[in-house]
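Undergrad: Protein chains in written order, with our numbering: chain A, 1 to 308; chain B, 1001 to 1352.
These are calculated hints, taken from the structure and not from any lab test. One thing to keep in mind: the hints can contain errors.
To be verified - Simulated coverage check for chain B against chain A, where a stretch passes if three residues somewhere in it have a Cβ under 8 Å from a Cβ of chain A: (1) 1135-1147; (2) 1194-1200; (3) 1206-1220; (4) 1250-1257; (5) 1276-1288.
To be verified - Interface residues of chain B toward chain A, partial, derived using beta-carbon atoms under 10 Å: (6) Phe1030; (7) Leu1317; (8) Pro1318.
Every residue gets a Cβ at the ideal spot worked out from N, C-alpha and C, and that includes glycine.
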Amino acid sequence: MATEALGWLGVPLGIVGGMLRGSAPFLFVSLGECLTEKSGKINLGLEGTLLMGAMSAYAVSYLTKSPWLGVVVAGLAGALLGCIHAWLAQQRRVNDIAVGIAMILFGSGLAFFLGKPFVQPVAPGLEAISLGNWSNVQQVQAALKINPLFLLGIVLVPLIQWFFRSTRWGLYVRAVGDSPEAARAMGVSIWQVRAASIVFGSFLAGVGGAYLSLYYPGSWNERISSGQGLMAVALVIFARWDPVQCLYASLLFGGAQAIGPSLQSVGITSFYQIFNASPYILTLIFMVLRCSPKRSIEGSPGALGEIN
Amino acid sequence: MKADFWRQKSESIVIPIVAILLSMVLFGLFCLFLSKANPFGVFGSIYQGSFSTWSTWQRTLIGAAPIMLCALCTALPARMGYVIIGNEGALIVGGLGAIAVGLTLNNLPPLLVQIAMAIGGITWGGLWIMAVGALRHYRAVNETISSLLMNYIAIALMNELVEGVMRDPSSLNKPSTYSLATVNMLGALPGTRVHYGLLYGLIACGLAYFLIERTTFGFSVRATGGNIRAAKITGLPVGKLALAVTFLAGSCAGLAGMVEVAAVHGNVNATLNSGYGYSGVLVAFIARYNPLASALISILLGGILASGGLLQRLHNLPDAAVLVFQGLVFLCVLWSECWYGQWSFFSPKESA
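Work out the full structure: start from the sequences and follow the hints.
TA: Here's what the structure looks like:
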């Protein structure tokens, strides 16, 4: 291992590399979930959407040899699952959290079912852009690789921020999420706005799945997602429903994921599995710190969690 | 009067059945169009692989035992208004607790070891979900999300222990703990291959039903679930109730872990995380949080799961087909929530 040449410096470098490599799925799902929750509905089923996106991206990329077409199809597959959620979660008396759990089962089942033939073949992945060529240390070069899809995600952050703050449609979404009565008085269709938010949010989660199967880890199997979709909901709470903070939170989580492997590379193997669980532990700790029984969390959409 | 009573009662039986039939139709279409498999053949095989002979019945019941216990982990807190899906985690922690106790007390008489193992599983599983309940009550942390995160933490904890301090050095490819001595394993019910876990599950479901529907404690829990502010004003100890209910819920899933370890696996390794917890969530929702109905539906679901292998062999369906079926059933049952009160057949007729 050449990492030994770097010694302890390899640890922060590994974590930075992990951030640049592993944050994108968190970013896409959290942006999608942020959009969905701003409209007042929770989509807990993004794990299924993510897996479905990963599977369809890989399959399309294998069949057409075009990974970018795979990314688009992954988004559409996600949006399709989003349609089911949008329709079902808005029925009378139906609990959106329960629908999310059902969608995890259904989406992941569907992805494994349809993706069975694609576990073996190798599909062309997305090419990364190297930013580390100035250095002749191999680890630096390996760490400083950025995927264009990740850059796309970063560009989306200010776009979504602008959408919420300065556009008419963004105002509709916020109004529907904060005060459905006021939105109805404005003549906005709550059903349509929520459906559009859920479907577009699922589209983003599907794209996040494409990143998993086409770039990092870059293969298709049943264990490809490490729960990024499940953590989306917690991430959004952590980021206080703010797209810019979603980006920071995703970077933090991507980095946290890399703690275990980078410590292992300098010979610390004890508690490897516990370090691997650090994103979950981190989320839990932050939720404990941030939540309070006396008030709802700052920035939380007013109508979140109301039953139809 | 009497007729109206039955009319309304039958609504809560007919609607889930219609929902399940609908999901069967959808799954049939799914098999037909995506795998060119004959839907009738597929359902025939599910029946054949689950309920056709005494031998398959026994396998179904073995699978149903942990699902039953896990279902209670969602069903009990749901009566209080908590949606807890940490069943898988509680099962794993319970299994770990059971194996730790079982290996330590190796030399005691088998019956004592088994009782101690059950207590170990119950305690650990109970504390695990009680933590979720405490966070919910005292810090208002969303219990669904925290319990989901706790599942992942439990899996990591199991992997850490199994690959680290509790590892049997002779397990090379699949890191496992040391195995229980055969005398300490849970035996089978007389005349069958079905282990005692099924009995535990049935007893637990019966007790849970009695507790929720027939005791003051259960009434307080249901009152809190109905309207938490009213419950606080009437002076119900909402915090204590939350802790008690979540402990009971977790202890059921923990017992499921003990049963899996002590009756099926004999040790702990990654196969302990096999999805019984999520099946339990599904069962609890279909049963509308009724413990007795949960027992029945667990047996049905145990049958569907037991037939997965046969589907793979006879119809060339991937093993994920069972997962798709579960997902469809779940979605249809949730959809059926909004049918209640919509069909005029079930609404009471004009009474004098």
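Undergrad: So, for every hint listed, does it hold in this structure?
TA: These are the hints, each one checked on the structure:
1. 1135-1147: holds (count 10)
2. 1194-1200: violated (count 0)
3. 1206-1220: Per the Cβ count (0), the hint is violated.
4. 1250-1257: violated (count 0)
5. 1276-1288: holds (count 4)
6. Phe1030: Nearest chain A Cβ about 9 Å off; hint holds.
7. Leu1317: Holds. Min distance 8 Å.
8. Pro1318: 4 Å, holds
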